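Protein chains in written order, with the numbering used here: chain A, 1 to 309; chain B, 1 to 225.
Source of the hints: derived by calculation from the structure; they are not laboratory data. Being a predicted model, the structure only gives us computed values, none of them experimental. Hints may contain errors.
[Claimed, not checked] Taking beta-carbon pairs under 7 Å as the criterion, some of the chain B residues facing chain A (in silico):
| hint | residue |
| --- | --- |
| 1 | 11 |
| 2 | 75 |
| 3 | 117 |
| 4 | 180 |
| 5 | 182 |
| 6 | 183 |
All residues carry an ideal CB built from backbone N, CA and C; glycine is no exception.
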Amino acid sequence: MPGTIPDLRHGSVLLKRGFARMQQGGVIMDVTTADQAAMAEEAGAVAVMALERVPADIRAAGGVARMADPVKIREIRERVSIPVMAKCRIGHTSEAQILQALDVDMIDESEVLSPADPFGHVDKRPFRVPFVCGARNLGEALRRIDEGAAMIRTKGEAGTGNVIEAVRHIRQIRDEVAAVGRWPRKELAGWARRERVPEALLLEVRELGRLPVVNFAAGGIATPADAALCRLLGVDGIFVGSGIFKSEHPMKVARAIVEASLRYDDPELLARISSGLGEAMKGLDLTPLAPAELLQNRESGPARSAISP
Amino acid sequence: MTTIGLLALQGDVPEHAAALRRLLPPEALTAVRRPADLERVGGLVLPGGESTTLARLLRETGLFVPLARRIAGGLPVFATCAGLILVAENLSAGSGTPDPETLGGLGITVRRNGYGGQAESFEAPVRIPEIGPESFPGVFVRAPRILAVTAPVRPIAFRGEEVVGVARGSLFGFTFHPELGADPRLHAAWVASFAPELLRGKSPAATPAPPKGRRRPVPRTPARR
């Protein structure tokens, strides 16, 4: 019968994870203005992350970092046709609900902002919009997936322009996934209990030989070579934060990182696109940082469904 | 033997690779990333992804012109979502930035993000009479909408009364993602339309799709040499 569509479903796991799968091979760029968003789209970004300030500036400014102003998110949405993502604070269910009401395409429950709930992450399952969350290791990734995350990214160390932490987290997750494939069944049960993740999810990782959702690199990627390295190590795509708009020639760097993410296995091309990019963002040596200064150490407990939208 | 190419620049390439591997002998599938790869293929899959990004990458890799020429010359193509946008002759202006230039091939008019943002993405059964009476699981992710179809392009897939899939010869295009579900019928129907010999001995029935929600381990890019 015209007009009546039976069995229409929104917000399913398949749709949320499916959205993330469409981003594979691509670069998602942090932007703080509609002009930057247009530039990112022009450079070939698959999505933009709408922010009040890029992580390097958040780090420098100190104070409490919150969800971006809705006016700014709307301006960015109206300017580009690629998906628009935005960040909410860890455990801040209300910010997440506001972002969903603003019709963003994906929400990043992000350690780059100041955590809002010391005990629990957002229960992401009841949301219609998909979430991406940061992880340093397999346990953390699976806790977030169990809470409903449709995409994982490494935490790295945002705003530093230093790729070492992103590489650490990629390798950590990759090695743990490989190890899970070798463990006997009863060891899996013990590990799952200790890490507070369902054993079924761990068995799924074992069967797939990878996470059941798309896994991107994020946190400290500043050059095309950094992006290529992360892709060589096996991630499905790249988030770039401060690396683009803190560089001398943002458009050139943005285009080069997009190409590096695609052609990461072609050193001659990488040599060509890495030439004449001007000064990269200055970057930060992590050695002198105290553990409390590292954004990646921000993780609250697993979500409990006490609050649901 | 006919070789099936899969455009592996950006998007849900592993999902298409997994769907095709369930149907084809492994040596029949190859990744297309540069113009030289294109010369060896007798059919090409254009995956889902971001159409603006894909259009840009097609230009940068030098694939755009030779691919448009091959499609105009009758290359069999299986295009889903962003892939469909790339083979549409006309795009209806959407919001924000200008629409990308397309490869053409299908006389249809398409509007990108035709239903809205990700919150409006949906699953719904699709009717495809040519592959049988049983409905097909339609997964629509920020899907485009087909606004007009010009003969000889034929509407072949319907959600209610709305056209969500079209064909002209062996050029198939859908606004949804058959590669995200576990139903192999559309990929199989496309291969059968130009290289039925590839399906012999490896029918979908002989290799059942994995259970819902599970995927087999998939190398990151298909059949790389």
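Hints and how they fare:
no.: 1; hint: 11; verdict: 6 Å, holds
no.: 2; hint: 75; verdict: 22 Å, violated
no.: 3; hint: 117; verdict: 5 Å, holds
no.: 4; hint: 180; verdict: 5 Å, holds
no.: 5; hint: 182; verdict: 10 Å, violated
no.: 6; hint: 183; verdict: 13 Å, violated
Going down the numbered hints, you'll see the structure goes against 2, 5 and 6, while the others check out.
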